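S.K.: One line per chain: the protein sequences are A and B, in this order.
For what it's worth, my numbering labels the leading residue of the first sequence as 1, then goes sequentially.
For what it's worth, my numbering labels the leading residue of the second sequence as 192, then goes sequentially.
Warning: the hint list may mix true and false statements.
[Unchecked claim] Label pairs and their in silico Cβ distance ranges:
1) T129/A to L201/B: 16 to 26 Å
2) Q135/A to A197/B: 42 to 52 Å
3) R193/B to A99/A: 46 to 56 Å
4) N256/B to E41/A: 46 to 56 Å
5) S27/A to E327/B: 23 to 33 Å
6) T129/A to R193/B: 46 to 56 Å
7) G20/A to E334/B: 22 to 32 Å
8) L201/B to S71/A: 21 to 31 Å
9) L201/B to A137/A: 43 to 53 Å
10) P75/A to P200/B: 18 to 28 Å
11) G20/A to A330/B: 18 to 28 Å
12) R193/B to E120/A: 57 to 67 Å
For the record, the hints were derived by calculation from the structure and aren't laboratory data.
All values reported here derive from a predicted model rather than from experimental measurement.
Virtual Cβ for every residue (Gly too), placed ideally from N, Cα, C.
Below, each chain spelled out in residue letters.
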Amino acid sequence: MNAPEPHHLTADELDAILDGTIVERASVHVAGCTVCRTMVELDRRVVDALAILPPVDPAPGFSPRVMARVSIHSPPVQVTVRALGARRRVVVGAALVGAAVAGGFAWATSNPAEALAWAEPALQGIGQTLWTSLQAAAANMVEQPWFDGTRDLLAAPARAIPVIGAAAALYAAALVGLRRLLAEPVPDARW
Amino acid sequence: MRTPAAWVPLSDQEVVRHAVMGRDSAYRELIRRYQRPVFSLIYRMVRDRELAEDLAQETFVKVLNAIESYRPEYKFSSWIFKIANNAAIDHLRKRSLDTLSLDGSPHAQTADAVEATTLQIGDNRESALDEVTSRELGAQIEEAIGNLRPEYRSCILLRHVDGRPYEEIAEILDLPLGTVKTYIHRARNELRILLADMHDE
Ligand SMILES: [Zn+2]
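Next comes chain B alone, as it looks inside the complex (with noise of 0.2 Å):
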């Protein structure tokens, strides 16, 4: 049997094969590599930790009860991804904690954008914004994410906290890549909002 510190050169790919192979070392390999990250996706898609545990376990189980079906020519990190956060949307679905986007075009440029955000943030928020410490601007954020609509939370998460390619966003998300890019251009758009109306109350 491999010792943890043995799976660490090996691809997901990798590791995926001798898990088909019975070996449950290798589960448990998987398990360590995206606990964290498949953890803080969904925590932060549904902000509560019991929920976030329950449905993060549902992810690994769904996963690995089906590891057989993985096709390597996918990539692990996003098959992973992908359950994780449609578990996600499925509970905010079911649950209606839908917040209610600011929607336009899908399409929409971003000029259209900058003159919209440039009105609604005047020049004595966009000060009060630069006052702040980034850690203060830490938990605000975190905050302002939670009142963004889940497709783009979804989106502006795997984008900009786990820094993935909008190529990768769009195979998780099942999304066109145009569809990604406009999601996460108006998740920022509102999240530059968010962050200027918390800063004027």
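Extracted from the complex, chain A is given alone in its bound form (with noise of 0.2 Å):
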């Protein structure tokens, strides 16, 4: 170097012209300087050398192994407050309906005459649903395609007689449970 050169290149302007990203005074210099277009051309041998350095990859097993030692994170039950919102309105609402059905429970007992007169028609309603209902879930069992499993079940004597005996059971039992809630109510010793 004969004169003092400040203007090579400075690190960014190198930068810039690696990058592909050229400064106009960066080019315009190192067309007419040697020693930076010396060093552009050396730095960029050694970036394009770095770039296509392949990567390298730990042995088999290594996610395995490390997930061997990690302990998965549990996160902890977050109560928002709309969820406390929601859960308190759900104990309100239980406590009401308990409140009713034992309200209801109570004066029941103490006026049982009025009681029965009240839920006679609503069991004989239930009786006659009941009753309905059982013929609809056969009529269907007999005649709907998507039956076909039930039906297997029901064609073999060996299955079909505890089922249909368990069914049998079960009506009489909601007979009889109906018939003594219809019965008149036994008169209190004392009266």
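Could you use the hints to bring the two separately framed chains together as a complex?
M.R.: See below:
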């Protein structure tokens, strides 16, 4: 170098040339300065060689080895304000329903005749509904193709007998239950 | 449970969110995404396969066991590379494998280096470098990287092998941006000199 060169490439200018985002002053300078041109060429070779270095993989089974030493994070149960509100509403609702049922039961025990008079038509209705449902279920079972599996189950006598027996017992129990509910209350001995 | 392919469109942040919810397949996905670049970085830092394997494992165990402390405003890659780089640097320091650098002012401009390098690389060295195939150059550059001081090694690997931007490298290494740039330029200067020396021998 004969004269001091205050305008050699700065680090940023060299980067810009290597990145391809050439600064005008830099490219003009490089064109006329052998020192900087050599620098750019050598740097580019180094950068290109670095860029094509192949990645290196760890030995097979790396992931399971790591996983064996990791404890999976268990998230804390987060009770949000909204969830808390919803939970409170459920509790209040359940309490109200419970209170209504208990109140109704208490009233029915102290006024049995009146309660029965109220309940009789409803219970008769239930009996009717039960019979209709049974008929509908039987008809469905016989006719609908999606009950093939159930029909197969009933086709073998060994399996059909306990099933039919259980259904008959259930029906009989329901009838007995209804009769009892509809029976006249036994007068209290003290009356 | 998600299949490995189902994770592909998800960002690192989203995968981390699944991991924080306790899905172990999300942990495995993070390992799948980063085992290669993390191992490559550590391996080129310490230049020992078995040791690199141990340090890479330590890195993942540390990161994954602290997954709930990850802050999504930072890049996950910056976090894991920071842990990986620290593991490698700590090891190199402990083993005193540091190579002495041709140190100078931390903010030296390339112009000074230009003069210095040009004085060291004569015309004959330059032409010798020209004759090397890129494959040979690759092998030589691996060796030359091993002769850089650890900080320069991290910088040059993250910048020119992984192609990370300066800003992310500064975040990974906890260094000011200017220092990162200086380290990278110096590392390149040293690599040039080291490569020229190899051809001169
Ligand atoms: Zn110049």
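S.K.: Hint says 18 to 28 Å; check whether the CB-CB distance for P75/A and P200/B agrees.
M.R.: With Cβ atoms ~23 Å apart, the hint holds.
S.K.: Do the Cβ positions of T129/A and R193/B conform to the proposed distance bound of 46 to 56 Å?
M.R.: Because 48 Å falls inside the window, the suggested range holds.
S.K.: Determine whether the Cβ-Cβ distance between Q135/A and A197/B falls within the hinted range of 42 to 52 Å.
M.R.: This hint holds: roughly 50 Å between Cβ atoms.
S.K.: Is the hinted range of 22 to 32 Å satisfied by the C-beta distance from G20/A to E334/B?
M.R.: 28 Å, holds
S.K.: Does the Cβ distance between N256/B and E41/A fall inside 46 to 56 Å?
M.R.: 48 Å, holds
S.K.: Take the C-beta atom of G20/A and the C-beta atom of A330/B, compute their distance, and say whether it sits inside 18 to 28 Å.
M.R.: 27 Å, holds
S.K.: Between R193/B and A99/A, does the beta-carbon spacing fit 46 to 56 Å?
M.R.: 48 Å, holds
S.K.: Taking 16 to 26 Å as the stated bounds, is the beta-carbon spacing between T129/A and L201/B within them?
M.R.: Since the Cβ atoms of T129/A and L201/B sit about 53 Å apart, the hinted range of 16 to 26 Å is violated.
S.K.: Within 57 to 67 Å: is that where the Cβ-Cβ distance between R193/B and E120/A falls?
M.R.: 60 Å, holds
S.K.: Quick one: are L201/B and A137/A within 43 to 53 Å, going by C-beta?
M.R.: 49 Å, holds
S.K.: Honestly, do L201/B and S71/A meet the 21 to 31 Å range at C-beta?
M.R.: Since the Cβ atoms of L201/B and S71/A sit about 23 Å apart, the hinted range of 21 to 31 Å holds.
S.K.: Look at the Cβ atoms of S27/A and E327/B and judge whether their distance stays inside 23 to 33 Å.
M.R.: 30 Å, holds
Violated hint: 1 only; the structure is consistent with all others.
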